[in-house]
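Peer 1: Single-letter residue listing:
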Amino acid sequence: DSGVTQTPKHLITATGQRVTLRCSPRSGDLSVYWYQQSLDQGLQFLIQYYNGEERAKGNILERFSAQQFPDLHSELNLSSLELGDSALYFCASSVTRSSYEQYFGPGTRLTVT
Amino acid sequence: GQNIDQPTEMTATEGAIVQINCTYQTSGFNGLFWYQQHAGEAPTFLSYNVLDGLEEKGRFSSFLSRSKGYSYLLLKELQMKDSASYLCAVRDHNAGNMLTFGGGTRLMVKP
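Chains as they are written, first to last, in the working numbering: chain A, 1 to 113; chain B, 114 to 224.
Honestly, the hints are just simulated from the structure, not real lab data.
All C-beta atoms in this analysis are idealised placements derived from N, C-alpha and C, irrespective of residue type, glycine included.
Mixed in with the good hints there might be a few duds.
[Claimed, not checked] Here are some chain B residues the structure puts well away from chain A; computed CB gaps all over 10 Å:
no. : residue
1   : 120
2   : 125
3   : 126
4   : 173
5   : 204
[Said to hold, decoys possible] From the structure, some residues in chain B lie toward chain A, with a derived Cβ separation under 10 Å:
no. : residue
6   : 148
7   : 161
8   : 171
Model the full assembly from the supplied sequences, consistent with the hints where possible.
Peer 2: As structure tokens, this is what we get:
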């Protein structure tokens with residue numbers, strides 16, 4: 001158990017819908033990272049927040065957005081969902097902005113039908 | 114951008130040694146990471162190399178050559194539970210220090 005929690009564990013929804021994935025980092029970690037893992041794309045970095053501020057952006061679609069709240073939990077919002085958005089979404093946390101060790105949560109499996 | 118290559122699949126025998134290679138191209142290298150990921154589970158951190166040489170941690174070792182853009186993960190005394198995907202990732206300070214992952218190497222350990 002990494003200490004990072006993610007909810008929900010599974011999510012099934014229809015195309016065009018909007019969902020919110022939630023992540024709570026390890027106690028004391030200020031950085032939160034979001035990753036998408038699909039069968040054909042591997043693990044792709046989406047976005048990083050550090051202490052409430054956006055720190056780095058990867059291959060995140062405009063339909064996706066995220067935020068980190070004052071209690072340091074983070075939410076990833078996915079809208080206008082497409083079949084291709086079906087994937088495992090992982091959250092990871094680390095102590096500082098560029099810690100070398102990231103701790104991954106168990107992931108949310110999103111299925112878009 | 115970055116380009117990270119690692120073999121897609123490997124098979125090895127229980128008790129043996131296996132070496133998983135990773136080559137990369139990056140403009141602002143700032144560390145190479147190895148993660149283990151069992152199917153459907155979260156990646157777990159195995160090792161980190163930022164200087165050339167070998168880092169040993171129990172049955173697992175990781176090697177880095179920055180001049181060659183090359184790393185390997187060495188797994189000794191293989192156990193059935195080592196069957197998993199092994200992800201090589203590179204951090205680039207020209208890309209906000211974010212991690213870019215390779216496609217992963219699926220290792221199957223056979224009795």
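Peer 1: Please go over all the hints and tell whether each is borne out by the structure.
Peer 2: Going down the list of hints, with the structure as the test:
Listed as outside the interface, residue 120 of chain B is consistent with that label: its C-beta sits roughly 14 Å from the nearest C-beta of chain A, beyond the 10 Å cut-off. Listed as outside the interface, residue 125 of chain B is consistent with that label: its C-beta sits roughly 22 Å from the nearest C-beta of chain A, beyond the 10 Å cut-off. For residue 126 of chain B, the requirement that its beta carbon stay farther than 10 Å from each beta carbon of chain A is met, with the minimum near 27 Å. Residue placement check: residue 173 of chain B keeps its beta carbon more than 10 Å from all beta carbons of chain A (closest about 15 Å).
Interface exclusion of residue 204 of chain B from chain A breaks down, the closest Cβ pair being 7 Å apart, not more than 10 Å. About 8 Å separates the beta-carbon of residue 148 of chain B from the nearest beta-carbon of chain A, less than 10 Å, and the hint is met. Restraint check, residue 161 of chain B versus chain A: the minimum CB separation of about 5 Å is within 10 Å; hint holds. About 16 Å separates the beta-carbon of residue 171 of chain B from the nearest beta-carbon of chain A, more than 10 Å, and the hint is not met.
In the structure shown, a violation is registered for the earlier hints numbered 5 and 8, in ascending order.
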